[in-house]
Amino acid sequence: MTSIIPMKRDAGNLGLMPKPGPRRRIGDGVHVPKVTLAHGGGGKAMRDLIDDVFISVFDNPMLTPLEDQARMSLADLARHGDRLAFTSDSFVVDPLEFPGGDIGKLAVCGTVNDLAVGGARPLYLSCCVIIEEGVDVAFLRKIARSMAQTAAAAGVAIVTGDTKVVNRGCCDKLFINTAGVGVIGAGLDLGADRAEPGDVILVNGLLGDHGAAILCARGDLALDAVIESDCAALNGLIEALLTRCPEVKFIRDATRGGLATVVNEIADASRVGVALDEAAIPLREDVKGFCEILGLDPLYLANEGKIVVVAPAAAAGRALAALASHPLGRDAAIIGRVTEGPAGRVAMQTHFGGKRIVDMLVGEQLPRIC
Amino acid sequence: MKYVDEFRDPEKARTLLREIEDLTASIVAARGRPLQIMEVCGGHTHSIFKYGISNMLPVEIELVHGPGCPVCVLPMGRVDDCVALAETPGVIFTTFGDAMRVPGSRKSLLQAKADGADIRMVYSPLDALKLARENPDREVIFFGLGFETTMPSTAFTVLQAEADGTRNFSLFCNHITIIPTIKAILDSPEMHIDAFLGPGHVSMVIGMKPYDFIARRYKRPMVVAGFEPLDVLHSVWMVLKQMAEGRCEIENQYGRVAPYEGNAAALAAVTRVFELREFFEWRGLGSIDHSGVQMREAYGAYDAERKFAVPSLKVADPAACQCGDVLKGLIKPHQCRVFGTACTPEKPLGALMVSSEGACAAYYQYGDLEGLRGAATAA
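Taken in order, these protein sequences are the chains called S and X. Residue 218 in the numbering used here sits at position 169 of the first sequence, and the numbers go up by one each step. Residue 556 in the numbering used here sits at position 373 of the second sequence, and the numbers go up by one each step.
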């Protein structure tokens, strides 16, 4: 890896401030409007691109010498807990910008959330970009800025990374991979296999916004609706939840595959049944209407700022109150409960009065024709 | 959504269900056997499973999920034709999303896309026409399928292409008609279906009159039904009411959308562009006379079957499949010998496992309703 990004300014707040290294000489910037293969060649053009687009917006006085890896003190890490959490995610969203976010914000939030749902405090991210030649440099700057702002708001530092440029047609404009490191506090043990009959299932708000926003933003549906993605870093919300309700047994972000998939994963891993109450599932009117028109099921739509939580019945009220008191949990709700079984089966009481099974999707949801 | 919510009111559902239970009890007591009601349209099948309607009804009512899922009944040979067209150099093949996963004898469109064919999902035939205008050096083929519901929009698109002189657009026509198919089911000797729920969106185009023979000749009541859960319950209630009163009529529950006489402008466009085929092959049901349409000679320039070499090979349904028996209500989906084993939504063998509107796929996805019904009774 060509490390591109050193510590961010407020890393000191985490007690993880590295010793200041010799300040790197910043290149004189990119003066062409579009990325070319030269920017991936390993020479001066590449260094200029990295400095101009990434280093500058991460704007960090602690710039370390360009090492091939970020270095972090074990003693500092250990102050946050007793286990390291490590995760990785790739982002290939189309379109790259959409109402409520962009690929940069998504890449930071996604990895922060994957750490946080395990009870970890997210600390460091990597940022690897694969750029198709011909992408506007100004656009790249915008995405990098978005990553920097999102990371700063979430209190994480982007500490290493890599840049590749590929031939036109070899990737779709811009792909980003972020890996993340966090530390899990002592005593926390969240797991999908811990659900027991009687436990309640909660979500922190309106479901399906991201999936609907992306489909709308692709613009091939000729729908007027503007639905905003719920893309958000949830570490603050999760910290608030676990502080007030340490009995919580499991948290997972309901990304691809939506609520239905996560709930099925719980039923599977814990060998229990789940009973959902359709009337209690929070959905935005716009998203409901959007799904009606296209014949999609909102329970399977992706989210980027929603978690599914399993808590013991005795702690249900406290868990709900903890979620609801956070800005990202205002529409939190208890949407179902864990049952004896049959194991692995998710059933839903429909608002209409019937009962149906909610299974995993086979592939992608495809719109029905009539 | 406010408008839609009115048709999903659980309170009204409970009232209807009480009356349905009373009617069913008296009819079944008089006849001494349970009732089979066929919902012809895949849209109804979908609503029935989505809202859990089957297990709200009295156990004496069995809903038989009919042949009205155009994606499901598409024969394998036609899918092979789609793949061949899509793999023709220079072609952009456009299709509704549903059809992507339907298995052909070699591959589905989804697999053909992965193999490099330029296949694009569209939401309307007009999207395909737009693509043709944007890509004048390519041939854009639209995969037209569906019953009378989708026929007018395809016909209007062909007329539009003709009007604006778009020559690189053509239609691979797989539209089918509902009436001959209902007749084929009614003529089947083992058939026990007592009444029908008619496809509301088809009637929006063709009206009520074409169904008259069902009541007159075959003495079966039919109610043309809407697609909201209350529409379905209300239609079941109307069917039962007819049976209790010894009537046999074609009634319209979906009057807010489907007028008695249908839509004259839509029918005119359909008649202008299409003519009946001598016969059309259905997956699970075999060949049915006059059950499909093709493009008239006058629109040959827009007919993919005339414009390109289409293999048109007939491929027999897999022998193990019992789709035909399910469609006629002779067995339930889970009673098929390959259900959930050789035939699953991941690897559908039979027609009805393909689309979410297919009875078997719905059974598989929304679950073992018998088990649920048992559980509900136990509780």
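Worth flagging that the hints you see were computed from the coordinates, not collected in a lab. One or more of the hints may lead you astray.
Capping the alpha-carbon separation at 25 Å, the derived lysine to any residue pairs in SDA-like fashion look like this [as the list claims (entries may be wrong)]:
# : chain 1 : residue 1 : chain 2 : residue 2
1 : X       : Lys313    : X       : Lys490
2 : X       : Lys195    : S       : Arg267
3 : S       : Lys337    : X       : Lys313
4 : S       : Lys337    : X       : Arg520
5 : X       : Lys296    : S       : Arg267
6 : X       : Lys296    : S       : Ala87
7 : S       : Lys337    : X       : Arg191
8 : X       : Lys296    : S       : Lys337
9 : X       : Lys296    : S       : Gly268
Example chain S residues on the side facing chain X (calculated, C-beta under 7 Å, incomplete) [unchecked claim]:
#  : residue
10 : Gly130
11 : Asp131
12 : Arg132
13 : Ala134
14 : Phe135
15 : Asn313
16 : Arg405
If you only want the chain S side, here are some residues facing chain X, beta carbon under 7 Å, derived [to be verified]:
#  : residue
17 : Arg386
18 : Phe401
19 : Gly402
Even for Gly, the Cβ is constructed at its ideal location relative to N, Cα and C.
Going through the hints against the structure:
no. : hint                  : result
1   : X:Lys313 <-> X:Lys490 : holds, 20 Å
2   : X:Lys195 <-> S:Arg267 : violated, 39 Å
3   : S:Lys337 <-> X:Lys313 : violated, 28 Å
4   : S:Lys337 <-> X:Arg520 : violated, 38 Å
5   : X:Lys296 <-> S:Arg267 : holds, 20 Å
6   : X:Lys296 <-> S:Ala87  : violated, 33 Å
7   : S:Lys337 <-> X:Arg191 : holds, 13 Å
8   : X:Lys296 <-> S:Lys337 : violated, 31 Å
9   : X:Lys296 <-> S:Gly268 : holds, 22 Å
10  : Gly130                : violated, 41 Å
11  : Asp131                : violated, 42 Å
12  : Arg132                : violated, 37 Å
13  : Ala134                : violated, 33 Å
14  : Phe135                : violated, 32 Å
15  : Asn313                : violated, 12 Å
16  : Arg405                : holds, 4 Å
17  : Arg386                : violated, 14 Å
18  : Phe401                : holds, 4 Å
19  : Gly402                : holds, 5 Å
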